[in-house]
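Peer 1: Here is how the chains run, residue by residue.
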Amino acid sequence: MENGTADSSPPEKNAPSPPAVEASAAPGSHSGWSEDVWAIVLGLGLLAIALLAAGVWGDHVIDRFATPGKWSSDPWSALVGKGAIPLWKSSLASLVVISLLATPAMMLTRRDSRSGAPLRIAAGFWTIALLATAAFVMAGQEVVKQYGFEYVLWALLLGLLISNTVGTPHWMRGAVRGELFIKWGLVLLGAEVLIGKLLLLGMPGILVSWLVTPIVLVVTFLFGCHVLGIRSPALVMVVAADMSVCGVSAAIATAAACRAKREELSLAIALSLCFTAVMMVAMPMALRFARVDEIVAGAWIGGTIDSTGAVAAAGALMGGDGPDAQARADRAVKIATTVKMIQNILIGAIAFAVSVYWATRYDTDNDTRASSTPVSATALGSEVWRRFPKFVLGFVAASLLASLLVTVGSRGETLVQWSIDGITKNLRGWLFCLAFVCIGLETNFRTLLPALSGGKTVVLYVCGQAFNIVLTGLMAYLVFGWLFYDAILGWLPTGAGR
Amino acid sequence: MTRFWVGCRPGRDDDCRANHRGIGVLVAIVLLIVSVWGWVLPIVGTTPTIRQSIETTERMGINPAAIFYTDVYATTPTTEPFWNPH
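Those protein sequence lines, which keep their order, are chains B and C. Just so you know, the first sequence maps onto residues 24 to 521 in the working numbering. Just so you know, the second sequence maps onto residues 2 to 87 in the working numbering.
Keep in mind the hints are simulated off the structure, nothing from the lab. Any given hint could be a false lead.
[Said to hold, decoys possible] Examples of chain C residues lying across from chain B (beta carbon under 8 Å, computed): (1) I24; (2) L27; (3) L32; (4) L33; (5) P43; (6) P49; (7) T50; (8) Q53; (9) I55; (10) I63; (11) N64; (12) P65; (13) A67; (14) F69.
[Stated by the list, open to error] Only pairs whose alpha carbons sit at most 25 Å apart, straight line, appear in this in silico SDA-like list of lysine to any residue: (15) K413/B / A128/B; (16) K93/B / I34/C; (17) K105/B / T57/C; (18) K93/B / D15/C; (19) K93/B / L180/B.
Backbone N, C-alpha and C define an ideal beta-carbon position, used for all residues, glycine too.
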């Protein structure tokens, strides 16, 4: 997403698309701060404010910020909710906070004076916010929600609808800043990745998640680049991370790390959501048909299905019929979500590793291999630093800060939980939603076709996922069905015991 | 845009025609979205199979559309060590 070129013209039909997330400063930055620095300052600043607010007001901060909720037949109920504070009020509060914090960043990183005018930015931002609200309401319909079609998909489609029919109006373009919203959201996401969770979750989950995931990621990447011959390594990496780690959030983080183009990120997310919806129903059916033990099945589902919510839902479907259906479902959900949580923690490590690998290996401007001419260690170091997406450091810092606070004691853990559940998680949801509306507003359908690489991207996803299923299944049998089986039975709650 | 309400000059203004077509497509898709979300999906949600699966996930505190693990309330109680060799 370019910052300023978008200010002057609508998406060109066949113009090369810029990265979904730029790594360097906007050329016209008026503050001397790049968007990465702004994302770190805004993300860590907001996290600090959230912790402070939770410390002062306690659990009163919960429900003050929210996103539209679930509804079945009356869309208005998505904006009303069931809590003491109507969801439209807490949604509006979230958008006001984001608007107040984002406006200076948008003005100071603008490329030309017209696009940075406060009134234009405000008008553009609130129009994008309206589309984001519509995306949340669409995703909140209970049938849509049940099959895991998350708000990012609807946000993207609404943006695409506008840009590909009437075109994105010029007055909106100063606020169409998807990369800023994504980076800011990712820094906030860092606070949700608690390293301490790993210590609680232990060896069996690590064996399944941490051994299989990197293998699948690397094999899928090599397969896509060398066997299928997909020309964009960034696209292959985003699809591989999306499919092997944890779906949408991994795709967003990896796309930022390897500077994938916006249509590549959009395509990877669309593929993930479609296949997740199918696998969420088909995988538990197949495992029940094959009479796979629910503990092994839970680990298999947790290590394979992309999205965390879909993993839990698929685990719940393992119950089937019969008197002990609920207990079987409980066991499967617990194992599946635990394995997935361990896998989710990998998101930071993967994004960090990919950003370092990309900075040393590829010329990020056009995804070609970087020059192989020998350079000094200092020159290499400074080159890596120049190309490195620095907001990743904000992600890591937020994760370390939250993890450290959790270890301080129950007070620290409560504080982190209140600030995440009450404030940052909802604001992060809004930021990702705004980002995907912006990506849609800057994308032309025609640019999505080359990203499909004549169907090779779909083949890549299917082959990678097939390999993932086989390898995860083997590890799940080995670890959860044999090595640690008795220990896991003892760990499961008595009520869900066998 | 200014000529939208008075029509395009015959055979002379392709941009104007494209603009009209764009507005038409936008309006048609918005109407489609409104009718699917306002009418079709609520009906689909009342079918017994879908209803049962929605109620099951609701009862277990699962949000199938959750993007990240902190969104899944079913995972929250997992605080005791999963594997403790001692």
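Peer 1: Now look at each hint and say whether the structure bears it out.
Peer 2: Results for each hint:
| no. | hint | in the structure |
| --- | --- | --- |
| 1 | I24 | holds (6 Å) |
| 2 | L27 | holds (4 Å) |
| 3 | L32 | violated (12 Å) |
| 4 | L33 | violated (10 Å) |
| 5 | P43 | holds (4 Å) |
| 6 | P49 | violated (13 Å) |
| 7 | T50 | violated (11 Å) |
| 8 | Q53 | violated (11 Å) |
| 9 | I55 | holds (5 Å) |
| 10 | I63 | holds (4 Å) |
| 11 | N64 | holds (5 Å) |
| 12 | P65 | holds (4 Å) |
| 13 | A67 | holds (3 Å) |
| 14 | F69 | holds (5 Å) |
| 15 | K413/B / A128/B | holds (16 Å) |
| 16 | K93/B / I34/C | holds (17 Å) |
| 17 | K105/B / T57/C | holds (20 Å) |
| 18 | K93/B / D15/C | violated (44 Å) |
| 19 | K93/B / L180/B | holds (20 Å) |
In the structure shown, a violation is registered for the earlier hints numbered 3, 4, 6, 7, 8, 18, in ascending order.
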